[in-house]
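Number of protein chains: 4
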Amino acid sequence: MAYLELNALSVILCGSFRANVYLPEMDKLNLKDERHEKKYPVLWLLHSEGGSCLDWNKTMAEACAAEYGIIIVAPDAQHSLCTNMEYGPKYEDFLAKELPGIVRNNLPAAKEAEKNWIGGVGTGAYGAVKAAIKHPEVFSKCIALDGIFDMEKICRQAEEDKPTGIFHKEESLKAVFGSLQAFKNSEHDIYALAEKCGKGKFYIAGTDTSPYADERKRLAERLKEKAYYVRTEGEIMNFGEPVALKNAVRWLLDKK
Amino acid sequence: MAYLELNALSVILCGSFRANVYLPEMDKLNLKDERHEKKYPVLWLLHSEGGSCLDWNKTMAEACAAEYGIIIVAPDAQHSLCTNMEYGPKYEDFLAKELPGIVRNNLPAAKEAEKNWIGGVGTGAYGAVKAAIKHPEVFSKCIALDGIFDMEKICRQAEEDKPTGIFHKEESLKAVFGSLQAFKNSEHDIYALAEKCGKGKFYIAGTDTSPYADERKRLAERLKEKAYYVRTEGEIMNFGEPVALKNAVRWLLDKK
Amino acid sequence: MAYLELNALSVILCGSFRANVYLPEMDKLNLKDERHEKKYPVLWLLHSEGGSCLDWNKTMAEACAAEYGIIIVAPDAQHSLCTNMEYGPKYEDFLAKELPGIVRNNLPAAKEAEKNWIGGVGTGAYGAVKAAIKHPEVFSKCIALDGIFDMEKICRQAEEDKPTGIFHKEESLKAVFGSLQAFKNSEHDIYALAEKCGKGKFYIAGTDTSPYADERKRLAERLKEKAYYVRTEGEIMNFGEPVALKNAVRWLLDKK
Amino acid sequence: MAYLELNALSVILCGSFRANVYLPEMDKLNLKDERHEKKYPVLWLLHSEGGSCLDWNKTMAEACAAEYGIIIVAPDAQHSLCTNMEYGPKYEDFLAKELPGIVRNNLPAAKEAEKNWIGGVGTGAYGAVKAAIKHPEVFSKCIALDGIFDMEKICRQAEEDKPTGIFHKEESLKAVFGSLQAFKNSEHDIYALAEKCGKGKFYIAGTDTSPYADERKRLAERLKEKAYYVRTEGEIMNFGEPVALKNAVRWLLDKK
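In order, the protein sequence lines correspond to chains A, B, C and D. Residues in the first sequence are numbered consecutively from 1, following this note's numbering. Residues in the second sequence are numbered consecutively from 1, following this note's numbering. Residues in the third sequence are numbered consecutively from 1, following this note's numbering. Residues in the fourth sequence are numbered consecutively from 1, following this note's numbering.
Honestly, the hints are just simulated from the structure, not real lab data. Source: prediction; values computed, not measured. A hint or two may mislead.
Since copy identity is lost for identical chains, a pair holds within one copy or between any two.
Here are the computed lysine to aspartate or glutamate pairs in the EDC-like style, where the Cα-Cα straight-line distance is at most 20 Å [stated by the list, open to error]:
#  : residue 1 : residue 2
1  : Lys90     : Asp161
2  : Lys246    : Glu233
3  : Lys97     : Glu25
4  : Lys256    : Glu187
5  : Lys217    : Glu152
6  : Lys169    : Asp93
7  : Lys226    : Glu67
8  : Lys169    : Glu86
9  : Lys115    : Glu37
10 : Lys162    : Glu215
11 : Lys39     : Glu67
12 : Lys246    : Glu235
13 : Lys174    : Glu86
14 : Lys226    : Glu5
So that you can see chain A by itself, here it is in the shape it has in the complex (with noise of 0.2 Å):
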């Protein structure tokens, strides 16, 4: 195994960020590429509001990147949900241009959009679904486990001044979205970007008794073909379903 905890200076974030990442096992490594020029396929992993990139410490993230040998990334996102925010850091560009140009500079990371995946759980799942849409370029695949999708009805319920279910209300999604009213159909509107998707494969996973789960549906519906729906039986961030991502994994590396 090896694990990194990354701190590096982000002129997007205009500061400095963690990440955690994970490596595949030493012995996996091809140790006659005497110039080390093997470049491994990354999956960029995203947290859900409220959590950090440990999280994912709690996951198989570490045991994947060793099996499979592929490099995982999990940036803090602190509350951007993901999002390039209206006051606030451009997260969006960070993920899509600039963390992966800090990586591939320091880490043996491919480039190929084919060997790029991106996922995250939770509202990390929205951020990585929506970075998938709009990046095609960079994000050939995306894993969304146990996914929060539904920003409209989260704004509609900051509005109404109801509990969101996640670490945000009517003034921090503003900060975030800028005018709640304007959501529907905008850039962060996921079901509108589905709608319009060219490419992608997307890899939709959850309960079927959460109470997001018909937001779930209702998003792989819209993504048609693209859309590879899983149900399971627990939800990975409670050890309900450890082996979620494993599984996500694997669908990546097209392995049975």
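Go by the hints and put chains B, C and D onto chain A.
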């Protein structure tokens, strides 16, 4: 030495945060204190814009905690300028209320204001002075190293699209302060606050050659006899004056 | 959640050591306890040979600490087999004496044996059972997950230059135990210790299909009514039985 | 800045190890190097007995890596004195063989000896000089800061049960070196090695007032024209001479 990296959940910040904690040297601890009821003074330390709590690792923070028997807590501040953001986390509330509670629940940290001090470097010094002026019931003394205080000037530069010297521009400053036109004399204007400052002691240090030297002196003047102005030969964060923190801590402890 | 990475100096280990610490959920803390005098039960957790304290990040350790209101402390053990090494650090002394003192000086950790439990996985389970048998005044209960207990067999394999199944060979085992011929019935022989064990409760868990299943059962037999043997469906560290730690913690707390 | 905490598995050390890695400033990277094939010089840095890789955080290591475009790798050495222990890990082999391989597989680290340098402080300086003398095919230059070199004297003190000045006594020194009587002129005796040293350049720095000043000068004399002796005003690890590492790095880079 004892050095903790704390990752915990903040209700006010709506998510997890990171802090570095430096503890008194074990052999300075009173091991006969069988019930471990001794509480240590606490210095709360704020990094500058664009940095992180890791910045303090390169100062004598650990050495100061060990040698002088104090706890030093250095939280991440992200882009909040240590302020209750208009659009974003209420960082000042976090600092003055929630963080002390979390720390005191988990570490032997004293509660009395006379044993709680706040400090910072760069924009962290701005945050520290502001918190000390507004919350004298929490922090009795403040140390401001290489401070950047004149946020009104920075707001004006941002509006005119000039370089601000910190990792902020008009839009992100609005997320922090709200309307930039209304900044002057607002609760964020440290010079206005200083006029009305009723309590506290302020150690304000920096070089004569800094572009911020004038605004530091101006702040010291406003704080009148409550300020102690110190001229340094170099800046702490570029190793120009490594003893800057140590000298400031000695001042906190009334040591010559 | 609150998660600490502790780096501190040990006199007994002659150097700095690292430990992961998981704390009770903040909202479980008694915030009316103004003087913060509440002390929490502590579970001391030992990783297996070749691992590190980071291993516990992938278990429910954080969730158990948060949910059940206990402190979990997981120190690095390096290659000591949690033993007072013949040539090397006196790890058992560190564990039973110095580490509890360091932790209690810095965290609200209970002191009474009935609120101090020790546990481990693999060779860490060997270390935990040994410490619990030898130090009943410190640890009242022990949880041993997927334990590797028969060090005599490992010593014999090492002498015969066969694979030991752990990251040790003859030479490094001598550094730990001294003469391998003298191992049987020594203070390191857990079966000999178990015969004479006067106090304590032992939770011994593992799969039926493990090559170590027999030696686990044999240990449980020696410990007689003090042992509670549990058959699991998979191993904790490869995510085969993620609830293994949670079940063991519930047993510590006498929960059904 | 970019700062990595690396946790990886070592076959030679039989377990996981930790290293701090400091990387060149991102904006110094050649972003037109689309295929990211540029490799950076590497300085391997060893802490002193009783410390850890975290010690380097308080030096200008990060600043040097950023400013001069080099990678600095600082591994934990525990109590090995950076030596192939008689009873314990073969740390010298790890340092000269395995660690460079692991790092080069994961980071853009140059392979040529002329771009690989080793350094250390205290007993880490002993380890660095020894590695540089014995492995000129790996390390072309060496920087030794505040070095503690005369292990024979330390062995004698230990045998006479006198304080050794480092965190070692007779028993633990035997675990490292084997028979202490046989130390003189052994492969661990740095003065004997220096006599036969065929290649390399050695920067040996320290204060005139150190109790180790004489043994440093003696080492420099033995290394003859290959040594460059530098008198400093203070010690690096207690902030007495914060630029000590920077000056040494400039020497490595042939900068005035």
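**OP:** State whether the alpha carbon distance between Lys115 and Glu37 is at most 20 Å within one copy, between copies, both, or neither.
**Re:** Answer is both; intra-copy 15 Å and inter-copy 18 Å each pass.
**OP:** If the cutoff is 20 Å on CA atoms, where do Lys246 and Glu235 land: within, between, both or neither? Let me know, please.
**Re:** Both: 13 Å inside a copy, 16 Å across copies.
Original post:
How do Lys97 and Glu25 come out at 20 Å by Cα distance, when the copy is not named: within, between, both, or neither?
Top reply: Only across copies: Lys97 and Glu25 sit 17 Å apart there, 27 Å inside one copy, limit 20 Å.
Original post:
20 Å Cα cut-off: does Lys174 pair with Glu86 within a copy, between copies, both or neither?
Top reply: both (8 Å within a copy, 11 Å between copies)
Subject >> Homo-oligomer pair classification [Glu67, Lys39; C-alpha up to 20 Å] >> reply: Classified as within: same-chain Cα gap 16 Å, cross-chain 27 Å, threshold 20 Å.
Subject >> Intra- versus inter-subunit Cα pairing at 20 Å for Lys217 with Glu152 >> reply: within (16 Å within a copy, 50 Å between copies)
**OP:** Using 20 Å as the alpha carbon limit, work out where Lys256 and Glu187 are close: within a copy, between copies, both or neither.
**Re:** neither (35 Å within a copy, 50 Å between copies)
Original post:
How would you label the pair Lys90, Asp161 (within, between, both, or neither) given a Cα cut-off of 20 Å?
Top reply: between (27 Å within a copy, 18 Å between copies)
**OP:** Please work out whether the CA atoms of Lys169 and Glu86 approach to 20 Å or closer within one copy, between two copies, in both situations, or in neither?
**Re:** both (15 Å within a copy, 13 Å between copies)
**OP:** Give the relationship of Lys162 and Glu215 under a CA distance limit of 20 Å: within one copy only, between copies only, both, or neither.
**Re:** Result: close within a single copy only, 19 Å intra versus 45 Å inter.
Subject >> Alpha-carbon proximity context of Lys226 and Glu5, limit 20 Å >> reply: Answer is neither; intra-copy 34 Å and inter-copy 38 Å both fail.
Subject >> 20 Å Cα threshold - placement of Glu67 relative to Lys226 >> reply: For Lys226 and Glu67, neither the intra-copy (27 Å) nor the inter-copy (40 Å) Cα distance is at most 20 Å.
Of the hints listed earlier, those the structure fails to meet are numbers 4, 7 and 14, in rising order.
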